[in-house]
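Quick mapping for you: the protein sequence lines, in order, are chains A and B.
Residue numbers are given in numbering that gives the first Met the number 0: position 17 of the first sequence equals residue 16, and the series is strictly consecutive.
Residue numbers are given in numbering that gives the first Met the number 0: position 247 of the second sequence equals residue 246, and the series is strictly consecutive.
For the record, the hints were derived by calculation from the structure and aren't laboratory data.
Do not take every clue at face value.
Where chains are identical, the list cannot tell them apart; a pair therefore holds if satisfied intra-copy or between any two copies.
Unchecked claim - Computed cross-link-like contacts, SDA-like style, restricted to lysine to any residue with a CA-CA straight-line distance of at most 25 Å:
#, residue 1, residue 2
1, Lys-495, Arg-389
2, Lys-292, Thr-190
3, Lys-485, Phe-87
4, Lys-517, Gly-561
5, Lys-607, Gln-499
6, Lys-74, Tyr-425
7, Lys-607, Ser-332
8, Lys-334, Arg-460
9, Lys-517, Thr-190
10, Lys-604, Asn-502
11, Lys-343, Pro-220
All values derive from a computational prediction rather than experimental measurement.
Protein chains: 2
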Amino acid sequence: MSDYTIDMRDVRFMLFEVLGLEKLAEMAPFNDEELGQGKEMYDMILDEAYKVAREKIGPVNEPGDREGVKIVDGKVVVPEVYRPVYKFLCENNWVAPSAPAEYGGIGLPETLGMAVSEITSGACIALMMTPGLTLGAANLVKVFGSDEMKEKYLEAMYSGRWGGTMCITEESAGSDVGASRTKALPLDDGTFHIEGSKIFISSGDHDLTENIIHMVLARTPNAPKGVKGLSLFLVPKFLVNDDGSLGEYNEVRCSSVEEKLGIHGSPTCTLEFGQDDKPCRGYLIGEEQKGMKMMFQMMNEARLYVGLQALSQASLATELGIQYAEERLQGSSFKEFKNPDAPKVPIIDHPDVRRMIMINKAYTEAMRSLLYSTAYYTDLAHNAEDEKVREKNQMLLELMVPICKSWCSDMSFRVTENAIQIHGGYGFCREYPVEQLMRDVKITSIYEGTNGIQALDLLGRQVPGKGGLRLMTLLQEMNAWVAEHKDHEQLGDLVKEVDQGKNKLAEVAFSFAGAMRKNPGAVLASAVPFMNMFGDVMGAYHLVHQALIADVKLREMAGSHGAADDQAIIKLANDNPEIRFYWNKTQTARFFVKNILPNIEAHMKSIKAGDSSCLDAVFAS
Amino acid sequence: MSDYTIDMRDVRFMLFEVLGLEKLAEMAPFNDEELGQGKEMYDMILDEAYKVAREKIGPVNEPGDREGVKIVDGKVVVPEVYRPVYKFLCENNWVAPSAPAEYGGIGLPETLGMAVSEITSGACIALMMTPGLTLGAANLVKVFGSDEMKEKYLEAMYSGRWGGTMCITEESAGSDVGASRTKALPLDDGTFHIEGSKIFISSGDHDLTENIIHMVLARTPNAPKGVKGLSLFLVPKFLVNDDGSLGEYNEVRCSSVEEKLGIHGSPTCTLEFGQDDKPCRGYLIGEEQKGMKMMFQMMNEARLYVGLQALSQASLATELGIQYAEERLQGSSFKEFKNPDAPKVPIIDHPDVRRMIMINKAYTEAMRSLLYSTAYYTDLAHNAEDEKVREKNQMLLELMVPICKSWCSDMSFRVTENAIQIHGGYGFCREYPVEQLMRDVKITSIYEGTNGIQALDLLGRQVPGKGGLRLMTLLQEMNAWVAEHKDHEQLGDLVKEVDQGKNKLAEVAFSFAGAMRKNPGAVLASAVPFMNMFGDVMGAYHLVHQALIADVKLREMAGSHGAADDQAIIKLANDNPEIRFYWNKTQTARFFVKNILPNIEAHMKSIKAGDSSCLDAVFAS
């Protein structure tokens, strides 16, 4: 057992009470009778995932951080404690439970996969990145690879026997992927020789799997400059024979691993492809010069996964903060300010500590809602029968991906920072787990496209693209929701504040096109504030939506106990965990709307100022 | 030489052009002819401090972080690299240059001491904490100790030969100091036996000095509960003979050192006083049961020092971010968005990177201004001839101390986070120095009273105390400033925005008394938002004040070059560093007012909502 914990009640609330996941089980391909999907199975998987996370994965999180990755005799060695756990995950189908049934998975909906990933990744993101990346690489092969490739690689990858990576970044091509220099030289047999160097490759080399299958962006001869000239190649560490056995070493060499602030157990590698004048064989995936397009499709998945990593650490930080604050006695209640003999109270009774805890709880639950909902859009976008439903959900998915990635990673960092603060001096000590969470989660605002890049994607592509239809789709959905709920007795005031927030967001969004013509620099400098504003409005919307659902149950349960007002409900909530859960949902929504949503006023004011002082300042360049 | 750097131009601008430090040199005690104080001397000291910081202190910052503190054969051992540097600091009077001349110092103004501290501490806060704490302990003895104590201890402490500590925190008495249990039992000779355990004692034990003089809060028999029953004791690690030589070991044992997120080179110790049934001698300082009062007086100094540590790391993070962004080529200019052959540009040309850099620059310069100004209040509060001037400055000092501590530490963390983000993936790697800055600076929001405690001090003591006179003093000063500058041609709009911010701050501050009667919990939960709001208004005020001063010089210089408008000035600024400095001052102020000051809208809205959902939520307690 470990310190690891997660609010499973909230996970289930989101999946079943908010999203109605069981309805997906009635939809193809999930309704295949052989799969046996349905609420019962989903519940069982969630229980098992929680058990695995607590009993197997969680216990290696701290030791893995201490031990870190080493290079021993030229080989990349992950923390010793990871080995048996990874083996267990492979043997029990936890590497890719949402993989299609034909490759050994259960073909779960993305939404459930998201929840399972949160539960398991949260227990040790450094270890769980290896399966996470393998899944992403395998999905690329599944969607774009030839039948032969699928046959040869997928079962081994989805089972975790082989790993997978995404090789995009180069030393001079970080955010600017188009500057990549890695070459792919055609060989006589239709394969390519890959030559170049890739950096920051997560799980780029390690000893957890017998082979590693790299997805590599490289440029064929005479291909144009920029991202448009990049093709995608499958490059195994060891070549694979036709019978699936491993062949020759394919000259993919790890020349160094990074020493990092966090995720110490995750090997971040510099990989040299075919650098020693020996052939390094790559197999083209899809068409030549379509590499970036394919990667982009995969990036949605990868970006959601990064948002999920962020959520998972925020979630744990929130729980640890609450636990500590419930246990730690310090000072007496503010209500007995003048009584020197007042008893010591747990610090959760101090308003400032409560404030931090509620910030954490509100962000975490908002992130969870945003991410699970976006996974749900994915399921509907891929599987809904009605084409209009598919299109609508694809729109919402594309709009939400950059927000899921960057708002969640930035806010998760805030949450871990708060968790340290709640722990006081102990939060700064390695003896307590919160400082590791902060170190580990920092990477999520950087990789898979920095948050600045995400914000530019939102501002420059997702919002104005498709004639603004993505944003319009969201606004219509929100307008209908506001119309339905604005006169709600208990929560109508919150619905109206979300409505106002939405209008301000729309006002700002629609102002960019004109502003872009006049002062593009100032608009581009507004990308991150706009992203944060968007995230805050979404957070409020999601939490108030949850509160509306919770309120129905709350009134029902409270009524059956004869509780007539809030004070009576609070009294009941002390002893009844279900009433407590629903009551806190309404308070968390209120807290977000009253204390966090006001941040949009600041963002709006600064965006509308159209200030360009940051560009007018003079630096050496 | 090291990576260490600091914007000395800005340090000098603050000291000489904004504060007019040379005027202090004309005031007693600084005007003593033997001391030779004046601008020339101050300039020389600043130059030397910078040299020492770059050449001696800076180079040990990273190795000290890697090596950390160890316990070897029961002894606390600091990083090997610290030893020669500490020796150099002692031999060259850098431990406490502002110490009084009678004890070997130069008796510098606090304001200059602050600047010197920023320059030297910034290069390695982990190492410089030892002299910092020694100075604080020595000052306690200087102000409250007996003549005999001063004689015996001060010269050795101010010179750095002996260290000093503050022993306040205990395991069950962190933020709640009044819960301390350490006992002081009177002995026949007028001294006391100290018995108890103190935790989180910075520089509590180490091998840099031959003796350590602890300032210990302990309770005498029959003393009342709470902080009012605490007395202050001087407890040496080794007793000191009358001739100043070291005597017996005094049973102060370090039982453990903390493993921490940052400041790895600084020993954070658990100290056991007289725990083995052997006498541990303590000497009462001042009167019995007045310990906390004396500590409080010292705490102003300590809190300013923590704010200064935060500033120093923000300052370095800002400089490193600018350097990296000026050097790192990635992508092409947004102005050539559609040209695939556009040249690569340094990332400082990208608006989103500029935004981060300007946030960092604006916060750093605002913090520096706030801290140096507060040190200047200290100098005037202690030394001005006119009693009214002393009183006024004491008021401003008391009001600003919690803001200097908490706003600077919270914003410095933001700045280091931004610096990581500017560095992209490299920011997460230990190869680059910014991740260490973030780890090191985190402690500043926790120790010397968490930022939550500081905010309560501001809200509950400094603002309402003395009949609100502290705040009134500040508001009057600001009103006069607004009246004088509101019609300024270039900067009048910024002055008016500061005016509005000030009015909002006052409105919120004056609303608390009434709200406190109705809903004290909600008010107490607003303490940190109020603190942040106060800090943001102060930041804007300070930077616009600087811009007004800079603008005079700018117009003068630009005029002499025949530059008539902003575009002409920008052109000049590219080649002329002085014009660039003054021009950037005006842009930094504008950036803060337009992009950071709007945060107060969010804080005000949430405070005025008077929301108590965080208290209504139900937790186990």
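Okay, the hints, checked on the actual structure:
1. For the homomeric pair Lys-495 and Arg-389, neither the shortest alpha-carbon distance inside one copy (29 Å) nor that between copies (52 Å) is at most 25 Å.
2. For the identical chains of this complex, Lys-292 and Thr-190 are intra-copy neighbours only, at 21 Å inside a copy versus 79 Å across copies, given an alpha-carbon limit of 25 Å.
3. In this homomeric assembly, Lys-485 and Phe-87 never come within 25 Å of each other (Cα to Cα): the closest approach is 50 Å inside a single copy and 70 Å across copies.
4. For a Cα distance limit of 25 Å, the shortest separation of Lys-517 from Gly-561 qualifies neither inside one copy, at 62 Å, nor across copies, at 29 Å.
5. In the homo-oligomer, the alpha carbons of Lys-607 and Gln-499 lie at most 25 Å apart both inside one protomer (16 Å) and across protomers (18 Å), since each shortest distance falls under that limit.
6. When the C-alpha separation of Lys-74 and Tyr-425 is checked against a cutoff of 25 Å, the pair qualifies only between copies, where the shortest distance is 23 Å, while the shortest distance within a copy is 37 Å.
7. When the C-alpha separation of Lys-607 and Ser-332 is checked against a cutoff of 25 Å, the pair qualifies only between copies, where the shortest distance is 23 Å, while the shortest distance within a copy is 43 Å.
8. Proximity of Lys-334 and Arg-460 under a CA criterion of 25 Å is satisfied inter-copy only: 17 Å between copies versus 52 Å inside one chain copy.
9. When the C-alpha separation of Lys-517 and Thr-190 is checked against a cutoff of 25 Å, the pair qualifies neither within a copy, at 50 Å, nor between copies, at 77 Å.
10. For the identical chains of this complex, Lys-604 and Asn-502 are neighbours both inside a copy (14 Å) and across copies (18 Å), given an alpha-carbon limit of 25 Å.
11. In the homo-oligomer, the alpha carbons of Lys-343 and Pro-220 lie at most 25 Å apart only across protomers (22 Å), although the nearest pairing inside one protomer, at 73 Å, exceeds that limit.
Figure legend: structure checked against the earlier numbered hints; hints not met, in rising order: 1, 3, 4, 9.
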